[in-house]
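There are 2 protein chains.
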Amino acid sequence: MSEPVSELAFKARELDAGDELAGVRSRFVLDDVVYLDGNSLGALPAGVPERVDDVVRRQWGELRIRSWEESGWWTAPERIGDRIAPLVGAAAGQVVVGDSTSVNVLKALVGAVRLARLDGSVRDEIVADATTFPTDGYIAESAARLTGCTLRPVAPERVPQVLGGRTAAVLLNHVDYRSGRLHDLPALTDAVHAVGAVVVWDLCHSAGALPVGLDEHGVDLAVGCTYKYLNGGPGSPAYLYVRREIQDRFDSPLPGWNSHAEPFGMRPDYEPAAGALRGRVGTPDILSMLALEAALDVWDGVSIEAVRAKSLALTDFFVQCVAARVPQGRLELVTPVAHRERGSQIALRCEDAGEVMKRLIERGVVGDFRHPDVLRFGFTPLYVGFGDVERAARVLGEVLAEPRRT
Amino acid sequence: MSEPVSELAFKARELDAGDELAGVRSRFVLDDVVYLDGNSLGALPAGVPERVDDVVRRQWGELRIRSWEESGWWTAPERIGDRIAPLVGAAAGQVVVGDSTSVNVLKALVGAVRLARLDGSVRDEIVADATTFPTDGYIAESAARLTGCTLRPVAPERVPQVLGGRTAAVLLNHVDYRSGRLHDLPALTDAVHAVGAVVVWDLCHSAGALPVGLDEHGVDLAVGCTYKYLNGGPGSPAYLYVRREIQDRFDSPLPGWNSHAEPFGMRPDYEPAAGALRGRVGTPDILSMLALEAALDVWDGVSIEAVRAKSLALTDFFVQCVAARVPQGRLELVTPVAHRERGSQIALRCEDAGEVMKRLIERGVVGDFRHPDVLRFGFTPLYVGFGDVERAARVLGEVLAEPRRT
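For the record, the sequence lines run as chains A and B. Everything in the first sequence is counted per numbering that gives the first Met the number 0, starting at 0 for the first residue and increasing by one. Everything in the second sequence is counted per numbering that gives the first Met the number 0, starting at 0 for the first residue and increasing by one.
It should be emphasised that the hints constitute simulated quantities derived from the structure, not laboratory data. It cannot be assumed that every hint is accurate.
Derived pair list, reagent style DMTMM-like, types lysine to aspartate or glutamate, alpha-carbon separation capped at 25 Å [to be verified]:
| no. | chain 1 | residue 1 | chain 2 | residue 2 |
| --- | --- | --- | --- | --- |
| 1 | A | K357 | A | D30 |
| 2 | A | K357 | A | D372 |
| 3 | A | K357 | B | E261 |
| 4 | B | K357 | A | E68 |
| 5 | A | K357 | A | E397 |
| 6 | A | K357 | B | E61 |
| 7 | B | K357 | A | E61 |
| 8 | B | K357 | A | E261 |
| 9 | B | K10 | B | E304 |
| 10 | A | K357 | B | E69 |
| 11 | A | K357 | A | D367 |
| 12 | A | K10 | A | E304 |
| 13 | B | K357 | A | E69 |
| 14 | B | K10 | B | D30 |
| 15 | A | K357 | A | D31 |
| 16 | B | K357 | B | D367 |
| 17 | B | K357 | B | E69 |
| 18 | A | K357 | A | E401 |
| 19 | A | K357 | A | E340 |
| 20 | A | K10 | A | D372 |
| 21 | B | K10 | B | E397 |
| 22 | B | K357 | B | E331 |
| 23 | B | K10 | B | D315 |
| 24 | A | K357 | B | E68 |
Take the sequences, apply the hints, and build the full model.
Here it is in structure tokens:
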């Protein structure tokens, strides 16, 4: 076993030496654990603790209420939205940060159905990815109920076949949370538009890991979380993208005072603000939001194209190392091999995945287990190196060579 | 002018000496400003900065994903809900923390309409306080639209007259945000129940300032923010109360994965959890939420009855000092004089309120201005003393005695 080990370790060193993003790792707080769970909770960016401390002690503790203006609290949702925008291929003024992904899915889907019906057409179907992260499906069901639609869950590859004149809105995931499969955003967006429906993309598992191209591909609405590849911290606020051309018609089911044209006019009648901030609702959670803002500093000078190139190299290398280290027949690769179909994670089916993941974590390799039989490894190119990948695969091979605990 | 000044200052000293809550002030970070804006953003509790730093550096930075279990992140919404519960007169297991007040108003109101219709009755009206903080009205309008109801805005005192067989749900404020008027929660709740409708109370301006008695008075649903008298920090998460008896029928328009009976089962079908956590939606914003948890430590050993007694004494004394210091005819008291109709703030109508508040703030007395002509002063009994009150009224008298800037 010594020969292939040293060869792969040598290759890892070569790849790390040629990695233009290697230096970005120092912008994070990391230890000797191989952290392959950044697709669940991103690591802590080094600048966050100090910034949060300033927000708490000075902005809240000393300036108190004055900070809504003086510390830029009030405008944080759209300001931070504009920081996320280039990472998802959006021009400024189309993204606002706030609320959870689930809440944003409701805004987007109800808004999408209303948009689709503006021409007077009787559209009564919401199509949603049947393999989606469950919350999207539950909220889609709720959006359907609230708008008099029927929810039609279908596998993403079958979506084009079920679209038609009854389709109001379509909710899709850019990358499947379990398999790591990357869906064809441009083609699916075109297919939805071809029948006059409105598309909502969930970017939770793609934003910060690969180019999305929202503007370029004419996406209508998109949502995403910020605590995975954007490293915003546990439960950091999600975001909502509303394409500029449809903003003045976007009709939110959550018309809170923060999206009013004149929020401090305290008017009894609701008049929606112009632009992206029509997606805001209530008072933003400033601590979480400004932690996210500080976290986004790690992107300075980093291109999403470079991130994507490294992500593919990392996952390719992981697949190669696993093949070399793991006894045959013990694992099944769930994530597609083709680059155009792969996100930034590798999912491996393994009968005793729960137990295997426990042992990996005990030995300093952190991925996660997805019920019932999936080992999921996320690769954040900003702080994961090829040496990490080689080590992870090596430890995985060791664990799988051991007798199974019963 | 010297005689009355010294008399009131002397009385303030006496009142401060007899104040059983005087020691609680040291649990906050305060300076020499008289901070009468705690009804907008509560002051910083002294224990918060260290706790937040631990959450960021250790829980997120070192434990990372493990903290969802090991640091109790996952159960924070219901755990912190149970900390708030006694402050609003609720037994454990009925309050969850999360999302903004606006989002919780939507959950509560749509849920209320669905509850009211469970017996098959055709109820199609939502009654809402016409003088409410605007966001409640906007969301009520949205809830009406989403459930096929009509929104009927009426002054709170007229609510009993408009209730009837068509009433599905009623949204009321316990304390009016502008006038500081305290509404009769027990009587109005009874009136709503008498017609078979469901009541939703907004406690933003009462929770932490006076006893609410949710359980005692049979309230169905309630929402509130935590950044006013609960001092949770800017935009800290709101909460939702669902009375135990109706929890198994509470049907939320935001059925996110966090309210699923088996959230990690990743099941495509939604099965709501039992109990209060049915009000949860998506991943909770941990930083803001755990800051709130730390902030609630200031309540250790403090009874809400003692807070109420001091609040009334503070506002009584403020009214007395203002009457002694301010030229007659310059101000009009908006807040009711009767204790049973008064929250924990004093609102004064003043033609040039915007300019007056600016000058007050320049001189270290912070209240706020509510469009178009209201000076609003909030009294947080945990950290405001009678000396503060005397000083605030004295400075107000000085400002109002000056020539008006034009």
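Status of the hints after comparison with the structure:
1. Note on A:K357 and A:D30: the hinted pairing holds, with a Cα-Cα distance of about 19 Å set against a maximum of 25 Å.
2. For the hint linking A:K357 to A:D372, the alpha-carbon distance of about 13 Å falls within 25 Å, and the restraint holds.
3. Of the pairs offered as hints, the one joining A:K357 and B:E261 holds, with about 21 Å between alpha carbons and a cut-off of 25 Å not exceeded.
4. Distance check on the hinted pair: B:K357 and A:E68 sit about 14 Å apart at the alpha-carbon level, within 25 Å; holds.
5. Among the hinted pairs, A:K357 with A:E397 is consistent with the structure: their alpha-carbon atoms are about 13 Å apart, no more than 25 Å.
6. Distance restraint check for A:K357 and B:E61: the Cα-Cα separation of roughly 18 Å lies within the 25 Å cut-off, and the hinted pair is therefore satisfied.
7. Restraint check: the Cα-Cα separation between B:K357 and A:E61 comes to about 18 Å, which is no more than 25 Å; the hinted pair holds.
8. Distance hint between B:K357 and A:E261 is fulfilled; the C-alpha atoms sit about 21 Å from each other, no more than 25 Å.
9. As the CA atoms of B:K10 and B:E304 are separated by approximately 23 Å, the hinted pair is consistent with the 25 Å bound.
10. At roughly 15 Å between alpha-carbon atoms, A:K357 and B:E69 fall within 25 Å of each other, so this suggested pair holds.
11. With a CA separation close to 9 Å, the supplied pair A:K357 and A:D367 stays within the 25 Å bound.
12. At most 25 Å may separate the alpha-carbon atoms for a hinted pair to count; A:K10 and A:E304 meet this at roughly 23 Å.
13. Taking the CA atoms of B:K357 and A:E69, the gap is about 15 Å. The hint holds against a cut of 25 Å.
14. Only pairs whose Cα atoms come within 25 Å are accepted, and B:K10 paired with B:D30 is accepted, the gap being roughly 23 Å.
15. In summary, the hint linking A:K357 to A:D31 is supported, as the alpha carbons are separated by about 17 Å, within the 25 Å threshold.
16. The hinted pair formed by B:K357 and B:D367 meets the criterion: a straight-line CA distance of about 9 Å does not exceed 25 Å.
17. Proposed proximity of B:K357 and B:E69 is contradicted: the alpha carbons are some 48 Å apart, above 25 Å.
18. Proximity of A:K357 to A:E401 is assessed by CA-CA distance (about 13 Å); at most 25 Å being required, the pair is judged to hold.
19. Taken as a hint, the A:K357 and A:E340 pair is broken in the structure, with Cα atoms around 29 Å apart against an allowance of 25 Å.
20. For the hint linking A:K10 to A:D372, the alpha-carbon distance of about 30 Å lies beyond 25 Å, and the restraint is violated.
21. Taking the CA atoms of B:K10 and B:E397, the gap is about 20 Å. The hint holds against a cut of 25 Å.
22. For the suggested pair B:K357 and B:E331, the alpha carbons sit about 19 Å apart, so the restraint of at most 25 Å is met.
23. The suggested pairing of B:K10 with B:D315 holds, with an alpha-carbon distance near 13 Å, which does not exceed 25 Å.
24. Note on A:K357 and B:E68: the hinted pairing holds, with a Cα-Cα distance of about 14 Å set against a maximum of 25 Å.
The structure is inconsistent with the numbered hints 17, 19, 20, although it conforms to all the rest.
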